[in-house]
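Engineer: Given next are the chains, with one letter for each unit.
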Amino acid sequence: MNFVRSHVLVCGGTGCTASKSPEIIAEFNTQLKNCGLDSEVRVVQTGCFGLCALGPIVVVYPEGTYYAQIKVEDVKTIVEEHLLKGRIVQDFLFKEADAHGVEQSLNNTDFYLKQHRIALRNCGVINPEEIDEAIAFDAYKALGTCLTEKTPQEVIEIITESGLRGRGGAGFPTGIKWKFAAASPGPVKYVCCNADEGDPGAFMDRSVLEGDPHAILEAMAIAGYAIGANQGYIYIRAEYPLAVKRLKIAIEQAKEYGLIGKNILGTGFDFDLEIRLGAGAFVCGEETALMTSIEGHRGEPRPRPPFPAVKGLFQKPTILNNVETYANIAWIINNGPAAFNCMGTEKSKGTKVFALGGKIKNTGLVEIPMGTTLREVVEDIGGGCPGGKKFKAAQTGGPSGGCIPASLIDTPLDYESMAAIGSIIGSGGLIVMDEDNCIVDIAKFFLQFTMDESCGKCSPCRIGTKRMYEILDKITQGKGTLEDLDILEELALHVKENSLCGLGQTAPNPVLSTLRYFRDEYEAHVVDKKCPTGVCKGLVEYKILSDKCIGCTACARVCPVDAISGKVKEVHSIDPSLCIKCGSCIAACKFGAIIVE
Amino acid sequence: MSTVKVKVNGMQIECPSDATVLEAARQAGFRIPTLCYLKDINEIGACRMCLTEVKGAKGLVAACVYPVAEGMEINTNSQKAYDARKRTLELILSNHRMECLTCVRNQSCELQALAEEYGMEEVRFGTPKEMQPDIEQSTPHLIRDNSKCILCRRCVAVCKNLQHAAVIGPNDRGFSTHIGSAFDRDLGEVACINCGQCINVCPTGALTEVDSTYKVWEALADPKKHVVVGTAPAVRATLGEEFGDPIGTNAQGKMVAALHRLGFDGVFDVDVTADLTILEEGTEFIHRLQNGGTLPLITSCSPGWIRFCEQYYPEFIPNLSSCKSPQQMFGAMMKSYYADKLGLNPEDVFVVTVMPCTAKKFEIRRDDQSAVNGLWDMDETITTRELARMIRKTGMDWSALPEEDFDPDFGEFSGAAVIFGASGGVMEAALRTVVEILTGEELAKLDFVDVRGMEGIKEASYDVAGTLVKVAVASGMENAAKLLDKIKAGEAEYHFVEIMGCPGGCINGGGQPIQPGNVRNFVDIQTLRAGALYSEDALMKMRKSHEVPLIKKIYSDYLGEPGSHRAHELLHTSYKASPKYPGLEADKKKN
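Residue numbers (this note's numbering), protein chains in the order written: chain X, 1 to 597; chain B, 598 to 1188.
Wrong hints could be hidden among the right ones.
Said to hold, decoys possible - Think about it this way: if two alpha-carbon atoms lie no more than 27 Å apart in a straight line, the pair counts; the simulated DSSO-like pairs of lysine-lysine are:
| hint | chain 1 | residue 1 | chain 2 | residue 2 |
| --- | --- | --- | --- | --- |
| 1 | B | K938 | X | K179 |
| 2 | B | K1042 | X | K316 |
| 3 | X | K179 | X | K262 |
| 4 | B | K812 | B | K726 |
| 5 | X | K347 | B | K812 |
| 6 | X | K496 | B | K677 |
| 7 | B | K1042 | B | K1150 |
| 8 | B | K677 | X | K311 |
| 9 | X | K529 | X | K479 |
| 10 | B | K655 | X | K179 |
| 11 | X | K311 | B | K757 |
| 12 | X | K316 | B | K1150 |
| 13 | B | K652 | X | K479 |
The hints are simulated quantities; they were obtained by calculation from the structure and are not laboratory data.
Use the sequences and the hints to build the structure in full.
Structural biologist: Structure representation (structure tokens):
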């Protein structure tokens, strides 16, 4: 084995791949060869580092130098300066937004300082397409421990003791789930992995699968051992081609090594894995719908009971866990439950990965101990809203979650605290809104998503979300009444309480939480007929200021609907009945004479 | 059977441990409203009308699928449950085209009944009164109007679970979800068997039979037409339900009286041609048995089954009896024997049947169903439901109608023909004749009870003159598929098989009076209706087809022997394999 003095880690996550990281890797290899360094320096394609806003990311070890937003043409400089001459290229370093000066090691940046990476432990560290690298970082060690030193009972006890709860949204204790399935009699049981991550803005599961697929395979095998299942299914959406590719490679390699398949590690335990591709229906993230889809039917939820632990996939006892839940399993086995449950709050243990998005500087993935406050995530890790805008609210849990107002920014992010304020941790989507976002528009946006994604099976969700959407649409057009707000709330509660599955039961959350915290903004829409942020076009009017207009006709010439009239050198006016509020006139006016009211 | 003790609205009851909350409530005497639920067929908890309060449960539970447990306390009528149901109902109504007064299901609509029960005074959202029809009518038997569909999916469930066809299902998702065929093909482009079971279970007017009554009215009003009508055995067992009679009432006398009053020139019974069928099919069976013909012989009375065989199991076409269905024999006999007898021009004879069946609407225009002068054997066929509508339209007082007899020219039949209407009836009728012919002895006991009853598949074997004759009876296409698969796999061997398209046979046909879900789920309507036929048979003097004087006369005067050339011309036909995906076949041709 060659001695390698430096490793160059290049992010191979979907975001950085889209920003040409494969070309960057190729360029590194070319340049290293040109400099004769190809035997001393190794280039590794890794999973996601998390700070997607600054991709493509290149990290050079052993220094831990963190280069951000690298372009193909930058590679030559890094090779010649850093790798050949040992001089860090200051220009390319990730620069903190605050006044730390230039940071060198990624672990000391604000973005990483408060993070604690368990689920993401190997993302951005190993090459996900090389099982040897995973094994070097302890992959399959926990499986070996379980199979040779622990009884299934003991495995379940460890997971129960760790306090791990489902990371897919509902937060059901994982150990208890396994215990139920283990207690269900029958020779055939199944272990399923929910990789049908469908929340807009959430990509933690994708990153784990792309960055550390063996962690999932190992955890599923452990789960199989614990409950007495020999077959696993990974249900993953077809829109994740890179994750699917890496999973396939991982399964193939694990089978080759005897870590998946018949007689694992010579223990007599068999566990096989199959991938099932989902067609991208949000509802298929719901456990019974997911199983129905795996069975080959239209992905729709089934009533519970019977619960999957008793009658799940193909009517057999089944457990289904989310990718991130599985990503914690081997770490817990290797480090002991106490190492996990010492983090977090009383009832929410360990860490949680959040996908930061929306109006925030450091868009990306962060893994933080449960109980970290929203403020720490938004301000310290996320760097606040761009452009100095004021933080208005954050939507946690994607379209199924609630909207948290700025007044509650010090709420800890854990299952109980989120539930208490009408939101959820959910799968970990965290979308930040600033003062420019209209809250009614946001509620409408999320509701449109769940309305479109409703499977159409149960009446409250199918029709209720549509009727709620119609009311919201009416409000954003300035046609809403106070009575509409009451009906909206009544319907929202009805859909929440009476829908068949989690999709419908959570779909009204954005509406209910915004009605709770931003009722004044709703009332501004229906009573004053004003959208305070100017987002709702139906509620704003374009006006020409007579003292500023010089009659140049520029606005009238660009107006696509001929809504502006006026003679040359005279003050122009806009016919509000024709105006479509496209904004062309504002862009064309050189005198700031057109305003939105 | 293990039981549990539960409390329903404070009343302690003991119910089976596998009961649902709905069943426990029913046992205690409380009806919980349902729309999507069909016992054993559609247990999907989707409509949310049955939401009920169970102490300690997280939120309201769907009573139709929620299992009882020891000590459970159920409150069927809590304010919370009532409010939830009413709100759900309002949502459903908000997307249901409301034209109740002009809807064919006015006053027999389950949604309408619930709206009344829940005191719906207004629907605050949607525009149900301005919705436009969304009609699909690509088959001769069915109209689907999705603007009235409430997506309960009962039709989907019967099509798949009872009828093995699965030609309809939900398409699209969310608010755009609608019932249709794969790739939104028309029903006429998929392998629908026209059985009409979907109509029978539709709670609203979204699924209805194609109305043929206006053509019958037209014919009745045409002085040049000699309009005759024949009624299928199963119609008398159900028609009374349309007028409030208890399920299982035999309404033959009133039915005949009503038909007379509608102005038909001849009111006859298709039972006569059921008897003819036994003679023809029995002869065919004996011929095949004694000459090494294709066995098992499978009956061909049910046009739904015939379509199913042609589309799904074409390898069994050689097994099908070449006999036309009794309806088609009736038409052919009216335009030949009857027209000759009365000296009528067959072209002036307009033949109508009243059938428990929607597939008959397809059958009358099959290209293999024309025996006389290139005329269709049959002119029109209406369902039991359509006859009831005609009767209502004339303002007849059902309760005051007298009991009348069929007209003598074509009105004499056996008890064997009467039981054609129930699953196993054709087999029993055939056995009564075949056994006597083969043994040359009179049967001591006419009841072949092994083939009676409402089980999906029935088997029996009889020692007939030294030969062990093995028979099987299946009704409903799911059962038929199971039976045929067994035969195909060599796991079972039979000489004679009866298959009926609808579960339970014609008494449960797709054209029969619609019973709402809460009746279907708790009352064995098939057994009650079949009972009406078996009791009539038991009381009849003539119970064997080959002993009916009219049948003997028809053969001696007109047809010659059973299976004669003449009989073949008039009473037999042939079948051919049909593509399972006719739409795709048509596309292939186009390309």
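Engineer: Look at each hint and say if it fits the structure.
Structural biologist: Results of checking the hints against the structure:
| no. | hint | result |
| --- | --- | --- |
| 1 | B/K938 x X/K179 | violated, 81 Å |
| 2 | B/K1042 x X/K316 | violated, 49 Å |
| 3 | X/K179 x X/K262 | holds, 24 Å |
| 4 | B/K812 x B/K726 | violated, 30 Å |
| 5 | X/K347 x B/K812 | violated, 73 Å |
| 6 | X/K496 x B/K677 | holds, 14 Å |
| 7 | B/K1042 x B/K1150 | holds, 26 Å |
| 8 | B/K677 x X/K311 | violated, 30 Å |
| 9 | X/K529 x X/K479 | holds, 8 Å |
| 10 | B/K655 x X/K179 | holds, 21 Å |
| 11 | X/K311 x B/K757 | holds, 22 Å |
| 12 | X/K316 x B/K1150 | violated, 63 Å |
| 13 | B/K652 x X/K479 | violated, 42 Å |
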